[in-house]
Amino acid sequence: MSSLRRYYKQSATYKIFSGLTVELYRFLETLGQIALKGFETAKYILKGQIDKSELIEQCRRFGITSLPITLSIVGMTSIIVASQVALEMVKQGGGNFVGLLMTILIVREVGVIMSGFAIISMIGSSLASEIATMRVTEQIDAIEVLKVNPVRYLFVPRVLSGIIMMPPVVVVASAIGVIAGAVTANLTSGLGYRAFFDSAWLGIYMKDLGVCLLKALFFGGTIALISCSCGYYAKGGAKGVGEATTKAVVWSFVAIVIWDMFFAIAFFF
Amino acid sequence: MSIEVKNLIKAFGERRVIDDVSFKVEDGETLAIVGFSGSGKSTILKLICGLLTPDSGEIITSEGDIAMVFQYSALFDSLNVADNIAFALHERKELRRKYSEEEIKNIVAEKLELVGLKGIERKFPSELSGGMQKRVSFARAIVTEPNSILYDEPTAGLDPISSTLIEDYIVRLKDETHAASIVVTHQMSTITRTADKVIMLYNGKIVFHGTPQEMLEQNNEYTKQFVTASLEGPMQMLAENGEG
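So the sequences go chain by chain: A and B. Heads up: the first sequence at position 151 corresponds to 151 in the numbering used here, and the numbers run straight through without jumps. Heads up: the second sequence at position 72 corresponds to 72 in the numbering used here, and the numbers run straight through without jumps.
This is chain B alone, in the form it adopts within the complex:
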């Protein structure tokens, strides 16, 4: 139930967005990937879950599903909450055979309860707040009992209290599922509250690898600049950031 990335390289056109990146996330562990916009964080998630193919390198994941919580939830707006959560159970042949409609209904209710949204099955995504949409997307992600969960900026655009709630759910889901988790984030609170390990990317390369505590100690020029949000330092914003 782990994710291992070895010497991963991905380029868009001439530009290497991911340049020889390696790391490992054990089961029950959460890794935070931080860095500037355009440093390749989201690209790593898309490579791991198979939405992009690497130019070279290896991604080793244990058998089973990889779930992803998207930055803007990516709920299906033509389906209600229950159908969103049950989407994979209805559409995947092996899961459709495995569960009856009654069982699917119970699974949906159970997952909704897990993310603290009991009784909203009939609502549509447009009727929910940003934080609620995010929690529904959590419920949809874990419905197939995944071995790994990827979060793409889970607290982006949320108020501080909703962010705290989401961070709590990330920790709770890790404890419940014991899955290997990767969280792409810019937010310090998300890093300190959810992550066991942190890697920092700059120009597609890992420039820091350590614990959240080590990151806050600011012994590294890159993390120091990131934590203090300083314009002075080794990391310079590129005019064209490209793929995030």
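Chain A with its partners taken away, still in its complex shape:
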């Protein structure tokens, strides 16, 4: 019987299933940790226990330092899309719809999702590695021993700054995206700016702007929460910091795509 068990434990089937079980356990564990810290953070925010000076510092970090990379990525994505479609649409007689297409694309999707990706790579990774380093160098233990709640001190200002700063970042990035699209369309197909912006207004409704801002708010909070949480539960030394940062980036990417899908189904299905 025992030799049969030993034989089974060496089989590929056992190894695949045990590996999958471990991965599933880790997935659920991370999900639980993020949810737990999310509830705790929300509790402190609702109670108004917010360190204002730290919040201002984190808003500066989230909004100002991320702006160059966010604007570059959204602007360049617009240039790529406009250079691919503008000339073709003008050739096919759809020149009057280039502005509309570009604006819908940027306001509904490109502006917010590409800003999200830029912020994950710049701010999310930095938050996760910062907090993970604090964990492995016992700084978070020191916070606890000094009887200060680490969730209130570390999570609240960071998550709140994500919620506050992501919408304005997305608005500025989307505006830059639309302008970059107009310039590119003009340069590649000779489409006039007047024609571009006249059609741009036709396809945009208040609902689009509202959903865009709502998505930005959710994305900002989610990126900050996941990044802080992955950093907080880091284990080990330098390797643990690296693993926490990678985990934060991967989970944030997946989370904002899932959010985006829910928003698309809820508002545009």
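Note that these hints are calculated values from the structure, not bench results. Ideal Cβ positions, reconstructed from N, Cα and C, are used throughout, including at glycine. A few of these clues could be false.
Computed footprint of chain B on chain A; a stretch qualifies when at least three of its residues, placed anywhere within it, have a C-beta under 8 Å from a C-beta of chain B [said to hold, decoys possible]: (1) 131–140; (2) 145–155.
Under the rule of at most 27 Å between Cα atoms (straight-line distance), these lysine-lysine pairs were calculated in the DSS-like manner [to be verified]: (3) 52/A / 105/B; (4) 93/B / 105/B; (5) 6/B / 147/A; (6) 47/A / 98/B; (7) 147/A / 105/B; (8) 123/B / 52/A; (9) 93/B / 52/A; (10) 235/A / 46/B.
Starting from the structure of chain A, add chain B where the hints point.
Showing chain B alone in chain A's frame:
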């Protein structure tokens, strides 16, 4: 102002790191905990200050704060020395209400003077030597006037002169605060210069309990092996030491 530990048990997985440990430290007294790496010394400190919860047993401390000086100082590297020391005063609601900014500034200066580092308030931890960082962490630990102070290998990684300086500050802080202190250490000089009592841990159990003098007399097989740093004796290094 004392620390009492009764029948403490803590396991990580299958392995009992702390196995039925009991001791008491009176106010104004310093207890040194010694033993091999992985014998559970740091785990005891983490249990006492609440970073870990015991599986069973009791930890009785008098009301008030327990301070801890971490092995690698654990200073907040994004804050300067003054903000590090004043961290609890700024972040804890009851202390924020109690002290004005001017008073906090004075407390920081007073604590820095106590550890012999006057005038470095604006420096960041990365600008300080290991010994200075350790002294700043002393100042941060005592800012809330704690009843008990725990030191996790306070002289680890320091040169002999810096170690002596740190040992002197441990004695000075005990005299100034009259707190119950526990020092986890491997270093004989730290034991003899700072401790009133010593316990030795092996495999999570206390194998020696006495004074530093009794430890040096080597009447116990375990302390004899520790003091002489011998490979021969009842204590065998485990392949996997686990939690320290």
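Here is what the structure says about each hint:
1. Against chain B, the stretch 131–140 of chain A contributes 4 residues with a C-beta closer than 8 Å to a partner C-beta. That satisfies the three-residue criterion, and the hint holds.
2. Under the rule that three or more residues need a Cβ within less than 8 Å of chain B, the assignment of the stretch 145–155 of chain A holds, with 5 such residues.
3. Among the hinted pairs, residue 52/A with residue 105/B is consistent with the structure: their alpha-carbon atoms are about 20 Å apart, no more than 27 Å.
4. At roughly 17 Å between alpha-carbon atoms, residue 93/B and residue 105/B fall within 27 Å of each other, so this suggested pair holds.
5. For the given pair, residue 6/B sits about 24 Å from residue 147/A by alpha-carbon distance, which is consistent with the 27 Å threshold.
6. With a C-alpha separation of about 21 Å, the suggested pair residue 47/A and residue 98/B falls inside the 27 Å cut-off, and the hint holds.
7. Taking the CA atoms of residue 147/A and residue 105/B, the gap is near 20 Å; set against the 27 Å cutoff, the hint holds.
8. A C-alpha spacing of about 24 Å is found between residue 123/B and residue 52/A, which places the hinted pair at or below 27 Å, so the restraint holds.
9. Using a Cα cut-off of 27 Å, the hinted pair residue 93/B and residue 52/A holds, with the two alpha carbons roughly 14 Å apart.
10. Straight-line distance between C-alpha atoms of residue 235/A and residue 46/B comes to about 16 Å, which keeps the hinted pair within the 27 Å bound.
In summary, this structure violates none of the numbered hints.
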